[in-house]
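*Asks:* Next come the chains, spelled out residue by residue.
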Amino acid sequence: MPEQGPSWDVLADLQLLLQFHFMQNAYMAGTLVALLAGVAGYFVVLRGQSFAAHTLSQVGFPGAAAGVLLHVSPVLGLIAFCVAAALGIGWRGRDVEAGNRAEAATVGSILAFSLGLGLLFFRLYAGSAQGIYAFLFGSILGIADRDVQVTLAVAVAGFAVLAWMGRPLIFASVDPDVAEARGVPVRALSIGFLVVLALTVAITVQIVGTLLIFALLVAPGATALQLTARPAVGLLTSVVLSVAFTWGGLALAYFSAFPVGFFITSLAFGAYVATRGLRFARA
Amino acid sequence: MSVAVQLEHASVRLGGRAVWSDVDLTIEEGEFVAILGPNGAGKSTLLKALLGVVPLSHGAASVFGRPVRRGSPDIGYLPQRRRFDPDLRIRAVDLVRLGLDGNRWGLSLPSPARRRRVGEMIELVGASRYQERPVGELSGGEQQRILIAQALVSGARMLALDEPLESLDLNNQQAISQLVRSFCRTQGVTVLLVAHDVNPILPFIDRVVYVAGGHVLAGRPRDVIRTETLTKLYEAPVEVLQTTDGRLVVVGQYEPVSHHANSH
Ligand SMILES: Nc1ncnc2c1ncn2[C@@H]1O[C@H](COP(=O)(O)OP(=O)(O)O)[C@@H](O)[C@H]1O
Ligand SMILES: [Mg+2]
Numbered sequence: 001m002p003e004q005g006p007s008w009d010v011l012a013d014l015q016l017l018l019q020f021h022f023m024q025n026a027y028m029a030g031t032l033v034a035l036l037a038g039v040a041g042y043f044v045v046l047r048g049q050s051f052a053a054h055t056l057s058q059v060g061f062p063g064a065a066a067g068v069l070l071h072v073s074p075v076l077g078l079i080a081f082c083v084a085a086a087l088g089i090g091w092r093g094r095d096v097e098a099g100n101r102a103e104a105a106t107v108g109s110i111l112a113f114s115l116g117l118g119l120l121f122f123r124l125y126a127g128s129a130q131g132i133y134a135f136l137f138g139s140i141l142g143i144a145d146r147d148v149q150v151t152l153a154v155a156v157a158g159f160a161v162l163a164w165m166g167r168p169l170i171f172a173s174v175d176p177d178v179a180e181a182r183g184v185p186v187r188a189l190s191i192g193f194l195v196v197l198a199l200t201v202a203i204t205v206q207i208v209g210t211l212l213i214f215a216l217l218v219a220p221g222a223t224a225l226q227l228t229a230r231p232a233v234g235l236l237t238s239v240v241l242s243v244a245f246t247w248g249g250l251a252l253a254y255f256s257a258f259p260v261g262f263f264i265t266s267l268a269f270g271a272y273v274a275t276r277g278l279r280f281a282r283a
Numbered sequence: 284m285s286v287a288v289q290l291e292h293a294s295v296r297l298g299g300r301a302v303w304s305d306v307d308l309t310i311e312e313g314e315f316v317a318i319l320g321p322n323g324a325g326k327s328t329l330l331k332a333l334l335g336v337v338p339l340s341h342g343a344a345s346v347f348g349r350p351v352r353r354g355s356p357d358i359g360y361l362p363q364r365r366r367f368d369p370d371l372r373i374r375a376v377d378l379v380r381l382g383l384d385g386n387r388w389g390l391s392l393p394s395p396a397r398r399r400r401v402g403e404m405i406e407l408v409g410a411s412r413y414q415e416r417p418v419g420e421l422s423g424g425e426q427q428r429i430l431i432a433q434a435l436v437s438g439a440r441m442l443a444l445d446e447p448l449e450s451l452d453l454n455n456q457q458a459i460s461q462l463v464r465s466f467c468r469t470q471g472v473t474v475l476l477v478a479h480d481v482n483p484i485l486p487f488i489d490r491v492v493y494v495a496g497g498h499v500l501a502g503r504p505r506d507v508i509r510t511e512t513l514t515k516l517y518e519a520p521v522e523v524l525q526t527t528d529g530r531l532v533v534v535g536q537y538e539p540v541s542h543h544a545n546s547h
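Here the protein sequences line up with chains V and Z, keeping their order.
For the first sequence, the residue numbers in this note's numbering are 1 to 283.
For the second sequence, the residue numbers in this note's numbering are 284 to 547.
Hints listed in this document are in silico derivations from the structure and should not be mistaken for laboratory results.
Cβ coordinates follow ideal geometry from the N, Cα and C atoms, glycine included.
Some hints here could point you the wrong way.
[Stated by the list, open to error] Quick partial rundown of chain V residues pointing at chain Z, CB under 8 Å, derived from the structure: (1) Met165; (2) Ile170; (3) Asp177; (4) Glu180; (5) Arg182; (6) Gly183; (7) Leu225.
With the hints as constraints, model all of the structure from the sequences given.
*Replies:* Written out as structure tokens, the structure is:
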């Protein structure tokens, strides 16, 4: 970690922050992830699919393990498994709402099995607690150049698709029956969004890990929706928050002895609690 | 006057079962039509068939002279529903806007023309005061006004309203039916309104479409809502009673369907 601490000279601090290649990679990948997670997260919260997001992140566990096993990047394994799971969930029904108990139980069983499978993979072939740790809590400081490229490709593609289907997706999310009657392909959109969500989850897991995914994929959107009911403003707020949590978390971790994931989640949690409190106080 | 809705030998099957079959129905443009019938008879299905959301298994359906097609901007739809989730964080005005361009793909530049159109529509239904509030926080009557604005904003010539008066108090039932009537009378909008209770709209309606026992019967209200007619339609003893204040109550043997406002 750095030899010098932070000063009040912002430029000098930035130079310090970005003097090492791993920090440059961390900021690049982190920013890309935050941008996509901010947009996708707004829809996740609007559609009430936080549970689906969490499920996808955990189903990715054996995927990451398989990536390690096959000596390809774990993020590629993650992408493959998450997208497959998204197609499975989307094919079965609208989504995995917690209210739907039978389905939640099915998904829960698959979830447990895939986690067990991932554990086995890691034990047999990688044998490293390090790998599991990175998967559970993220490994943003260990992002390779190739991961940055994959992240860039996924983020650009995800962004483009969400920009293209954003409006019909909002329509289908808040008023599916009317949207369907007006010619919006509600079911196809639902599956399409799950696939984008799977891609987002796959690259977000690199940064904050599967256990902390709430911080980047749910908290910014949830906070933004507390603050505003305007879709455009909400989307923008969600992205700004998500980027702010990531940048702040990275900087705080760099200048201290504590892990990045802790700071990102703390910032996210703090913002969410603060806005909820604000609305509660106003009401 | 031209024809708004035409069904010819139309049938719908859902889950391997015929909901209704061999239905012939003509609705003139500008008519205010009440769709009545017991629960599960296929009233919602009738609207969905006209919207192209549910396919016909036999026969043909056309709306304003063209075969039914999903996504037609000619029909504004208000589905049968519970209220919006109180936590739904989207403004009423955004919901109306979705009725105008929510089916368009891609990004678009801000459009003053569309914004104006939305504003005018909201004013017409008398919802300007609360248009900026999140829709989940609005009362039932306020939500219905917003939804009617959403249904009409794309320039719809027909309103398909599925139980819009349900869960409203009497004042709001009257206000909403009068609002719908005014669109019907002043703008020539054809109205198909599914109702559980015919009485609040009895003074307004031109025609009744009664759905029961897999059949559909259409005619003037006082001709259709009669003991003999409904008994034949239900294929079971049904009795129509009239209260002293002119309200109609339908009493059936298998499923008592009350058309009285205070009975549910
Ligand atoms: N998607 C579906 N699959 C199978 N059966 C359905 C479906 N939707 C409706 N039905 C059945 O069709 C019948 C008519 O339903 P509906 O049109 O909703 O009745 P209503 O609106 O008159 O109460 C009911 O028996 C209902 O159970
Ligand atoms: Mg119905």
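*Asks:* Next step is simple, just say for each hint if it's right about the structure.
*Replies:* Here is what the structure says about each hint:
Because the closest C-beta pair between V/Met165 and chain Z is about 6 Å apart, less than 8 Å, the hint holds. Given hint, V/Ile170 at the interface with chain Z, holds; its Cβ is 7 Å from that chain's nearest Cβ, closer than 8 Å. Here the hint on V/Asp177 is kept, as its CB sits about 4 Å from the closest CB of chain Z, short of 8 Å. Checking V/Glu180 against chain Z by beta carbon gives a least distance of about 6 Å; that is within 8 Å, so the hint holds.
Nearest Cβ of chain Z to the Cβ of V/Arg182: about 5 Å, under the 8 Å cut. The hint holds. Proximity of V/Gly183 to chain Z holds as hinted, the smallest CB-CB distance being about 2 Å (cut-off 8 Å). Satisfaction of the interface hint for V/Leu225 is found here, the shortest Cβ-Cβ separation to chain Z being roughly 4 Å, below the 8 Å cut-off.
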